[in-house]
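Undergrad: Could you slot chain A onto chain W? The hints should help.
2 protein chains.
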Amino acid sequence: MKLIGEKLKVINVGARSFYESIVAQGGDAVHVDWRPPAGGDPELARLLDGLQIPEIDEANRLALERMLSALPLLTEVKPAIEAIPGMKEDIILHPGPPIDWERMCGPMRGAVIGALLYEGLADSPEKAEKLARKGEISFSPTHHHNAVGGMANVISASMQVFVVKNNGKSYYSVVREGKNLRFGSFSKDVIDRLKWTEEIFGPSMNAALAEGGPIDLRDLIARALHMGDECHSRCIATTLLFENELIPRLLKADVDREIISQIISFLKEDQNFGLCLVMGAAKAITHNAHGIKNSTIVTAMTRNGVDFGIRVGGLGDKWFTAPSPSIDGIFFPGFGPEDASPDMGDSAIVETSGLGGMAMAAAPAIAQLKGHKDPYQSAIKYTMDMYEITFGKNKFFTLPALNFIGTPMGIDIRKVAETGIVPYINTAIAHKEMGHGLIGIGLARAPMDCFTRALKALANKFG
Amino acid sequence: MKLIGEKLKVINVGARSFYESIVAQGGDAVHVDWRPPAGGDPELARLLDGLQIPEIDEANRLALERMLSALPLLTEVKPAIEAIPGMKEDIILHPGPPIDWERMCGPMRGAVIGALLYEGLADSPEKAEKLARKGEISFSPTHHHNAVGGMANVISASMQVFVVKNNGKSYYSVVREGKNLRFGSFSKDVIDRLKWTEEIFGPSMNAALAEGGPIDLRDLIARALHMGDECHSRCIATTLLFENELIPRLLKADVDREIISQIISFLKEDQNFGLCLVMGAAKAITHNAHGIKNSTIVTAMTRNGVDFGIRVGGLGDKWFTAPSPSIDGIFFPGFGPEDASPDMGDSAIVETSGLGGMAMAAAPAIAQLKGHKDPYQSAIKYTMDMYEITFGKNKFFTLPALNFIGTPMGIDIRKVAETGIVPYINTAIAHKEMGHGLIGIGLARAPMDCFTRALKALANKFG
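Chains as they are written, first to last, in my numbering: chain W, 1 to 463; chain A, 1 to 463.
If you're looking for bench data, these hints aren't it; they were derived computationally from the structure. Don't take each hint at face value.
Said to hold, decoys possible - Residues from chain W that face chain A, not an exhaustive set, calculated with beta carbons under 7 Å:
#1 ALA222
#2 GLY228
#3 LEU240
#4 LEU251
#5 SER261
#6 PHE266
#7 PRO364
#8 ALA365
#9 LEU369
#10 SER378
#11 LYS381
#12 ASN403
Note that CB positions come from ideal geometry on N, CA and C, so glycine has one too.
If we strip away everything but chain W, and leave its shape as in the complex, we get (with noise of 0.2 Å):
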């Protein structure tokens, strides 16, 4: 009768509508948000409970420094063919874990016919489509060939690709043409912007590279974090750093004033530009800690618009996927879900080496876009989140609106699988049809089977 008689006092724990209720009532409450472990799930929890061995630790450890070693450095800007180790003229490298083109959502064959009408290999849409059709042409997944591509951004031998190297090793990070072949489109003007990439552009990035020096992608991402980027779905203060450093070495390698004007319109026009430099040092990074026996850390997520798939630094190069998921998002009028296509494009590296939306207490201004009330605080809240599925920080990348302390990083599937929380990527919408472009951003959520799916291969493989 006593606990009747005095004022109640509750800790709730778990289901938010008994929380809920009490304050409804006028109670007096705190809500504790916790969920079983692995969703409820006896049998996964029972997989992961036989996952927490010093072993894994010790690998994912080892990932943790491999990614903090790693010191991603532009170099050069090159034609894939001449780039890309195997690259042949009748490849196409498509974003997200394999898919034919059968499968392929709208905006990424609207690419592929983009890229076949710019590569000369059709003259029309119907004939670049026919010929992607009868298996003319062959498709390989980018994270093959260590490359990446934003959205539906494929890549043919002719488009030019930043190269990234980090000990030794090369990736590719294709330089986006700035009009919306990456949506979808292949109007002539997308089809034209290549042309200049391919002929002004890239010749001219490389000759300032060579002349002046690679350029430290770290120290460029490190410096954006502090000025309001994210380095996903805001890169503008990359892009300002990234001219910083490109236009002294333009000048030094003697490029054409006119063309040095015209790069600079271009920087001007796509302010985030520099997403295609934070996806190839993500890349770096990431793969700089795959292949280690027992780590249960992700090196790659990317989606193709059709499947979302993760790779698992010590599950070797299988894709574990599951349906890629819609976005939440902010439209543009005219557009609704019902348009989007669902979540694309290799982009999401951003996030797998702790970035983006893992560090969107970087940039309070990309909450406040996709339309929160409170944007600071729900940038807190996200990136907060993100603590509790990774494995350690970055302490090059720091958040000041955390005290300096670094990003989110290594993210780990036993703790993604506990916890029920999954990685937030943020995302442009592309239209589900091709050749209309950009509709809206938004923020996708990774989906869980694809972690699940990995730990039970883990499992197996420890028996």
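TA: Then chain A, alone, in the frame of chain W:
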């Protein structure tokens, strides 16, 4: 007896020590930071009471409107003698409220010597000093000419000034040469660099602006505040954004590529260069609210290393002064507070306009640099304090960390006197002897006496 029997719940108002002793004994207490209005001075409280009148509020609303309507544009770079009306070869403009050679602090004397050597009016520091002492040079405060100079940066006839225009009026901010004239150095590299700004930088900049059009400084500042600058001690983004506006103009104006490279190197070496632009803009913004009858809004704060002075919108051109404060700072190795000159320079115009120390929430990095263990929370606290003494907010200058509310703007001397809170000013520390340069950075507080003196003058006007 009931009071004693129950568990105490204490709200402590005023002296913090009571609160702390309750907490130390395990008690439960909330502290309210309250001080008696006007610091408990009954005379001042009575005056304040008489100034809570609609005429003043109305005048202040107009002052804020005027500040908000200012659109400072960088239009030209010219030698002071061409740009500033009434400027002559034997006049030196000095930062801060009026002062003569006899009372000048060491670093300002050093800067005067540097200016005379640079102008060729003396060929040795000794002769320069003699010239200044004999009164053959006249001194006049920068602000009396709508000009500003950082730290001890005096302005002589040939020095280059940025011309900032607003609503038909011109304001002048001296081009800092990036060596240490502004800290009182007059070594050969300072003089050489001044020559370079005169012969190379100024004319090229001016050609660039003539060819490419003015640069919108309000927009520049607004963007920089979203990129980690508070726009006084940290102007890294400001400088980058300026460069980003400048280079296309230099290219367009056919400035020689070797000169463009020199200008880029110059801006790389002095990453805080953008401060001169912010100062020019801040002068244009604040002066737009000067001369409004009955306004209690501060329209200038400045210091010469000896006196700190403020001007108030409704109190004409009179300076209300008090001794310049010492600076709570972090010193370079080998230096300490005993080596420091008191607070100095016109850069407090930045705080007058609601930036710098007032907008610290934009730049936790500065709070970190100043040695705070919780830089983010400290930065927020600084800005929150400033809302206590300002009349409004600047809708153009917004703070991501405060969910994009405007910076505190329009320091109201009534609120300063009432709350006992004086403006925070981010500042550098010069050695007190001439010729030694920069020895640290820190935070100064505007002296309360300036504000109470102004308040009394206003009360006298009202009788």
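Undergrad: For every hint, state whether the structure bears it out.
TA: A quick look at each hint next to the structure:
1. ALA222: This hint is violated: W:ALA222 lies away from chain A, its Cβ roughly 12 Å from the closest one there, beyond 7 Å.
2. GLY228: Check passed: Cβ of W:GLY228 comes within 5 Å of chain A, closer than 7 Å.
3. LEU240: holds, 5 Å
4. LEU251: Hint on W:LEU251: holds, closest Cβ of chain A at ~5 Å, below 7 Å.
5. SER261: holds, 5 Å
6. PHE266: violated, 12 Å
7. PRO364: holds, 4 Å
8. ALA365: Holds. Min distance 6 Å.
9. LEU369: violated, 11 Å
10. SER378: Status violated, d = 9 Å.
11. LYS381: The hint is violated - W:LYS381 has no Cβ within 7 Å of chain A, the shortest such distance being about 13 Å.
12. ASN403: With Cβ-Cβ at 5 Å, under 7 Å, it holds.
The structure does not agree with the numbered hints 1, 6, 9, 10, 11 stated previously, though it agrees with the rest.
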